Amino acid sequence: MKKVLLTQTSNELVQIYSSTPCVRTIAKQPFLATNEIHQVMLQYVPDYSGHRTHILTAVDVSSKRLVNIWMAHAKAEPPNISKTYDMRIPISEDTIITK
Numbered sequence: 001m002k003k004v005l006l007t008q009t010s011n012e013l014v015q016i017y018s019s020t021p022c023v024r025t026i027a028k029q030p031f032l033a034t035n036e037i038h039q040v041m042l043q044y045v046p047d048y049s050g051h052r053t054h055i056l057t058a059v060d061v062s063s064k065r066l067v068n069i070w071m072a073h074a075k076a077e078p079p080n081i082s083k084t085y086d087m088r089i090p091i092s093e094d095t096i097i098t099k
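Last residue of the sequence shown? That's 99 in full-length UniProt numbering, and every number before it is there in order.
No wet-lab data here; the hints were simulated from the structure.
There could be a bad hint or two in this list.
What the hints assert, rightly or not - Computed beta-carbon distance windows for the label pairs:
#1 Thr84 x Leu13: 50 to 56 Å
#2 Asn35 x Thr57: 27 to 33 Å
#3 Ser82 x Pro46: 15 to 21 Å
Being a predicted model, the structure only gives us computed values, none of them experimental.
By construction, the Cβ of each residue, glycine as well, lies at the ideal position given by its N, Cα and C atoms.
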């Protein structure tokens with residue numbers, strides 16, 4: 001997932017924050033933002049199935065000023081389980097449970 005960041009003033013030290021641990025920035029450290037367009041790499045690892053809205057914010061580290069905010073709408077599909085296993089669990093020597 002890529003986000004485009006455009007700052008209003010030049011030379012801000014910016015940190016990206018997320019409303020959920022499912023979305024994290026690849027770079028953990030703040031970066032210097034200029035008046036140019038920047039790409040920020042994000043890692044999306046859902047811990048749910050279905051639709052969710054996540055909020056991402058860019059904050060100036062020195063002044064704690066909100067530089068930008070985004071709403072990301074995400075859909076996570078349940079995993080495709082393709083293997084099954086037969087198990088035999090002996091409870092005692094004369095009783096065996098088979099599932």
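Could you tell me which of the hints above the structure violates, numbers in ascending order? Structure breaks hint 2 only.
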